[in-house]
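Protein chains: 2
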Amino acid sequence: MKKVKVFITLKESVLDPQGQAVMQSLHNMDYQNVKDVRIGKYIELEMEDSADVAEQVDAICDKLLANTVIENYRYEIEEEVHS
Amino acid sequence: MKKVKVFITLKESVLDPQGQAVMQSLHNMDYQNVKDVRIGKYIELEMEDSADVAEQVDAICDKLLANTVIENYRYEIEEEVHS
Chain A
1 MKKVKVFITL
11 KESVLDPQGQ
21 AVMQSLHNMD
31 YQNVKDVRIG
41 KYIELEMEDS
51 ADVAEQVDAI
61 CDKLLANTVI
71 ENYRYEIEEE
81 VHS
Chain B
1 MKKVKVFITL
11 KESVLDPQGQ
21 AVMQSLHNMD
31 YQNVKDVRIG
41 KYIELEMEDS
51 ADVAEQVDAI
61 CDKLLANTVI
71 ENYRYEIEEE
81 VHS
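Sequences listed follow chains A and B, in order. Residue numbers for the first sequence follow the UniProt record's numbering, so the first one is 1 and each next one is one higher. Residue numbers for the second sequence follow the UniProt record's numbering, so the first one is 1 and each next one is one higher.
Treat the hints with caution; some may be incorrect.
[To be verified] Each pair of labels, with its calculated beta carbon distance range: (1) Asp62/A with Asp58/B: 33 to 41 Å; (2) Lys35/B with Met29/A: 36 to 44 Å; (3) Glu55/A with Val69/B: 36 to 44 Å.
By construction, these hints were calculated from the structure, which means they are not laboratory data. Cβ atoms here follow ideal geometry from the backbone N, Cα and C, with glycine treated the same way.
Using the sequences provided together with the hints, build the complete structure.
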């Protein structure tokens with residue numbers, strides 16, 4: 001089995017109102033040293049081994065997980081160790 | 001400046017209906033080899049340097065970003081390089 005960690009982030013040029021709201025809350029809580037907040041998604045997939053896992057993850061991100069007009073994605077594939 | 005990457009995930013024992021819905025969609029798209037999907041949050045904070053950044057991030061996660069009853073969090077603190 002493979003464990004795939006997918007990180008989806010808004011592109012630099014896209015406004016992040018959710019992140020701005022969180023930053024405002026942090027400022028209200030006296031964390032003035034927080035200068036920027038960007039909120040994305042973190043998705044863990046558990047997949048059966050196959051030769052083309054990376055290609056499949058690319059396709060899954062492009063088709064379903066990410067909106068590539070406004071979001072970037074990157075991923076890490078790890079071998080899952082069963083004890 | 002420090003760049004802090006925060007990963008928030010549901011605890012193992014907590015059901016993830018959003019992840020199950022994504023997995024069902026992937027199965028409908030013929031990705032039968034996806035055996036589990038868990039959906040979390042990925043948050044990037046940009047913070048001014050200070051001696052207690054790690055403590056501050058812990059407090060921020062506990063108080064605002066994560067619901068520690070059902071979620072775990074971890075984070076990485078990186079030095080931000082300005083070119």
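- Query: Going through the earlier hints one by one, which of them does the structure break, listed in rising order?
  - Reply: Checked against the structure, no hint fails, so every one of them is satisfied.
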